[in-house]
Structures are given as C-alpha cells and as structure tokens.
Amino acid sequence: MSILIILLLPLIATLLVCLPLKKTWASGVTVVASLATLMLSVRVAWLVAAGNSVTADLNIGWLNWIAVDGLSALILVLIAFVATTAAIYSVGYMAHGNLKPGKLRLYYINYNLFVFSMLAIPVLAEPTSVWIVVELTTLASALLVSFENTREALEAAWKYVVLSLMGAGIALFGFLVLFAAMQASGSTNAYTWRGLIDAAPMMPPVLLQTAFLLILIGLGTKVGLVPMHTWLPDAHSQAPSPVCALLSGIETSSILYVILRLFPVMQAAPNSHAETWAVVLGLISVGTAAFLLLQVKDYKRLFAFSTVEHMGIILTAVGLGASVAGYGAMQQIVSHCVTKSFCFFAAGAVLLSVKTRRIVSIRGLVRQSPLASAALVFGGLAIAGAPPLAVFLSEFSILKAGLTQKEYLATGLLAVFIVIAFFGIMLHINRMVFGARETGGDASSPQSDNASTLPFSCRLALIVAAVPVLILGFYIPQPLHDLLTQAAAALTQ
Amino acid sequence: MNDTTNQLLDNLNSLVTGLFLLTAFGIVAMRQARGVLHLFIAQSLLLAASAVLLGLRFTSEHLYGVALVNIISKPIIVPWLLRKTSPSEVYTRREVTQALNIPTALLIALALAILAYFLGLPLLKAVAPEFRGPNVPIGIAGLLLGAFTITVRREALPLLIGLLVMENGAFLAGIDIARNLKMLIELAIATDGLIIVFIMGVLTRAVQKQIGTTAVGELAALKEAPAEFFKKETTK
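Chain order of the listed sequences is A and B.
Here our numbering is used: the first residue of the first sequence is 91, the next is one more, and so on.
Here our numbering is used: the first residue of the second sequence is 10, the next is one more, and so on.
In case anyone wonders, no lab produced these hints; they're calculated from the structure.
For every residue, glycine included, the Cβ atom is placed at its ideal position computed from N, Cα and C.
Treat the hints with caution; some may be incorrect.
Calculated from the model, a selection of chain A residues having no Cβ within reach of chain B, i.e. all distances over 12 Å [claimed, not checked]: (1) S92; (2) L106; (3) L109; (4) A126; (5) D159; (6) E242; (7) W248; (8) Q273; (9) P354; (10) K387; (11) T543.
If you want the footprint, here are the derived chain A segments under chain B, 3+ residues with CB under 8 Å [claimed, not checked]: (12) 130 to 143; (13) 335 to 346; (14) 485 to 498.
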C-alpha cells in the first residue's frame, strides 16, 4: 500500500501547488511531500532489504504491475533522496530570482510531476508502462530545462526533447519487439520483468537481441551514452541547479535501471552478448567523456560530462559481470547519485555568488565566496573519486572486481579514463577556486559582496547532501549493504 | 472468414501500408509546414485503417480501439493543440535552408526504406506466420524516415512531425507483431503523443518569442571550444 502512497504524494503535491497562495506555499508543500516520500521509500527499502517482497497488495488490473525488489527499492530511495534535497535547495535558490508567483508555481508543478514520473519507473514492472513513464520524465522536465527562458536554455530544452524522444521512439519499437518475442516463446506469463526472465530461454534469439539493442540505443540516448550524449551537457547545464541535481544525479541512473533490467533476461537466453555491448558502449562513454572534460568552458557542463563518464562506468561494471562487479555497479549508482546532486548544489551556490557559468571568468573564487568554493572543491574531489569519499570506494570495488574477473584490458582502460577524468575535473576547479585573477580579464565578474547571500535552505541542502558522500566513503551500513547485495542479485538471475 | 476475404483483407492492408510509406516520403520532401501536418494526419488515418483491417482479419476487437484512438487524437486533437500552444508562424513558414535538397533527401529516404526491408526480414522469420504482414518492414521504414526528417529539418513543426512519424512507425509494426498489447497501454502511448505536441508547442512559442523565428535549427550556441582551452594553456 505504501508504494501507492509514494506515487500519489507527488501528484497530490502537484494539485496543491496549483493553488494560488503565498510564495512559500508551493515550496513548502513540495518539501513536505518529498520528505514524506523519502520516509516511505526508506521504509519500503527496509522491508525489501530484510527479504520481504513488496507489492501493491491490491488485486485490481494494472496494480498487478507494481512490484518492488532490491534493485527497484534502491533506485526508489535514491530518487526520493535527491527529490528531497533538491526541494530544500529550491526553496532558497528559486526565491533568489524574484520570480513572479505564477512562474514559481509552474516550476513546482513541473518539479512534482517530474518526481512522480521518476518514482514510477522503478515501481512499475510492466515494460511498456515503464516506457510510458520514461517518456513522461522527458516531457515533465522539458519545461524545467527551459525554465530560465534564455536562448541557451531554449536550445538545450529543444535538443533534449527532440533527441530523448527520438530515442524513445526507437525504444518503443524495442519494447514492442520484446512483447512479440514473449508471445513467440509461447509463455503464458504476464509481460513483466519477472515473466520475461522466465520466458527468455524459449524466445527466438533474433527478436530478443533486436529488442535489446533497440532499447539499449533508444534509452541509452536518455542515459547519455556516447555517441547519443550530445544533448546531455546542454540540458544538464542550462536547467536551474536543483533541477540539474535531479537530472544528472538520478534521472540518468533511473533510465539506466530500465536497461539493466534486461540483463538478467539476456543472460537467461542462450548465447546473448549483452555484456559485450555494455562494456564496449560503457568504455566509449567513459573515454569520450574523460577527454571532453578537459575542454569544457562552463563548470556546470563539467559536472554534466562527469555524469556521462559515470553512466559509462556503471554500464561497464555491469558488463564486467558476476556478482562482485554487479555490487560495485550498484554502489556506484548510489555514490554517483549522492555526489552528483551535491556537485550541482555547489555549482548553484557558485552561480548565485558570481552570476556566470564560464570557467575562465572565475578566478580566485576562494577569496570571493569561501563557502561556495569549499563546496565546489569538496564536490569536485568527491565526484572525481578522491579517497576517502563515496565515489572512490565504489570505483575501487569495480576495478577490483574487474581484475578478479581477469578482464585486464577493460579494467585497465577504465582505470586510465578515470584518472584522466580526475585530472580534467580538478584542473578546472583548481583554477576557478585558487587561480590568480588575470588583469584585464572578463569584465563580467564584478566584485560582488555576497559570501553571505547563500540562502539558509541552500546551505542546509548542501550539508544534508554532503553527509552520505562522506560516510559512504568508508562505511556502508548493514541495511544498505543488504539492499545493494539484493540489487546486484537482481542483475544476474 | 473464408480464404477470399482474408486474401482481400491482406491485399488491402498491403495497399494501406504502402500508402503509409508514401506519406512518410512526402513528409521528408514537403517544404510547406502545413502540408507536412496534413500528410501526417493522412498517415495517422492510414495507420488506423491498417489497424481496422488487421482487426477484421484476425478478429481482434482491441485493434478497433487502437484505430479509434488514432482517429480521434491525431487528426483532431493534434492540430487543435498546435493552434492553442504555438504561434501561427509554424504553419506558414516555408523552409528555405534545409540541410539537404529534396532530390538528395529523397534518395537517402529511399535507401533507408530498402534498409528497413532488410532489417525487417529476420524479425519476420522469427515470428509465427500470422504476424508476417507488410507492417513490420514499413513500420521500421517509418521509424527511420521519421528520424531522418528530424536530422535534416530546421523548422519546429516538421521536427515535431518527424517525432510523431517515428511513433506512428513503431505503432504500425506494433499492431502487427504486438497485437495483444493491453488497451490501457495503447491509450497511454497515444496520450503521451499528445503531451509531446503540447510541450513542443509551448517550447516553440518560447523560442519564437526569444529569437523571433520558429527555425529552431538556428539555435546552435552550446558546444565545447577546444581552442579556448589550449589558448589558456599557452598564455599561462
């Protein structure tokens, strides 16, 4: 039952936000709703980690499609976590621009719808219905990407919508072929993830492989896998920072989750090559992103490219196979999610204090805005994978797993790319924070006296988001460990 | 139903899907935005017709539902939504700067259609004989031609129609090979199509306000600048 409430909460919040009340009403409702969602999701995850199965408990029609296992519960909690911190961050961040009440309401309406569509992804177990909510995430977030209504933001939103929907069209065909494969197998199971795994050995290999490739390419577009990634740095840099945190931190992972659902299906079928595809596409993504990181000129794009890199790492880890790498991949999803959302909060703090996104215009930030600089350095180190932070631990366990699998080439390449990305990220951040200001530099960075202007809610969100980044670097609590183990097990059945 | 009727229905379906492919070609070639929209509406009606024919042929009532959804949503609601959301300029614009000229575009489209046939063949061999209609290869062709339309167009409306053609293509194949999909899903997919039109209409209006034209292809400011990075290195 609590799953239904999780889905209903953002919808109720959407309706409540529509009421034309005070400015604080919309943000307050959103924060409360997302907090409640988070608590319920943690409860669901707790039950799942303890070995219970969680369904909707209602035996009517499409509600049978709702089922949560370890993998879905993990994604569910992460979505709810970022939705909550981003909602808290939004309170102060969106109040900053002196928006008209109507525009602010529009923001929160889209925000809640976006959160709803994401929460529905892991919860639904029927593939075509998952496709529908994936498409909804694009549509609900499109107006959030274009929210600032500048030329660049509109360009980003347009590219985002067109490319994501192109991918969605291809994926739709993939899901229909998958359905045909299910029917051709003669299986009487319901068309769900579970039913697919059971039917996989009898499916005609051509249909299954075609479906897998179509879905990998189609949804891979929305995950930001190279070479379908071109929209990602645009959209993830032009949206307001809390939205970037959602887009980059968890939306990409939750779409990747849908692709990951197909891996056990492919394994159940005789000689499928899902792993090879995953490693190849993953490594291409990591490598390309690592080199592109060197030449970015916008620090939000820097973090966006790092998302491409991380999606590649997760996919490679899944491709390296076996439960060890699977565990590492799940750990990487968690650490990427908490760290990347923190990074975009930090980027938002920098943006509030210097009003520019250009890296070259920002030098010596540490003197101008110590708090934002501290957050940026911490975020940069964390996302690049410096010890002892969350990403380091998860990348380390992936590399270790790769070596124990004797996949030396793939693991070696992965390690090299990660190191290049590390230097790429730190190079830019180092210059921004500690670099000497050039004389006659860009005139658009005035001496703003606003170290103190970072709103309270933004600071709160930064602190809340930083806690898991720190803790998960050296300690994984037992319930989370159980959940990760179950999630990894769901990858290899 | 006897064999002659079945034969007739099969032939009619081949005719309808053939016309479907023709409309996809027309959308690639048509300059006038309003014409593109009309071709798309014709295409959706052909999709509905194919659904009805397959429904008759295999006595599957739920395909009538699919046809009905298509008849209501695309010819009626899509133009209405476009009128409500986007500036009227989207209709009147003729494209002067298309990435490719029409003969080249049509040649590539032809190559894509042939490719679609060969992509469809192995899929058809894998399904049961009753699913082996012309819908799958032509559906794939629709998918490819829609994607091709998106890559060569610079105007908002043809881009949007390109996306919807992709969806139509996927659907045309779907009503054949995934015939027993739940009605609820089909309805939801159709609704999604309408939301696409709404969101893109709103975006188009915002673009037109911002840059004074609906030629969204002119938006091309966001990219990396390798030169800048290396320049910084040398001046340091």
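Here is how each hint holds up against the structure:
no., hint, in the structure
1, S92, "holds (24 Å)"
2, L106, "holds (22 Å)"
3, L109, "holds (22 Å)"
4, A126, "holds (26 Å)"
5, D159, "holds (22 Å)"
6, E242, "violated (6 Å)"
7, W248, "violated (5 Å)"
8, Q273, "violated (7 Å)"
9, P354, "holds (21 Å)"
10, K387, "violated (5 Å)"
11, T543, "holds (28 Å)"
12, 130 to 143, "violated (count 0)"
13, 335 to 346, "violated (count 0)"
14, 485 to 498, "violated (count 0)"
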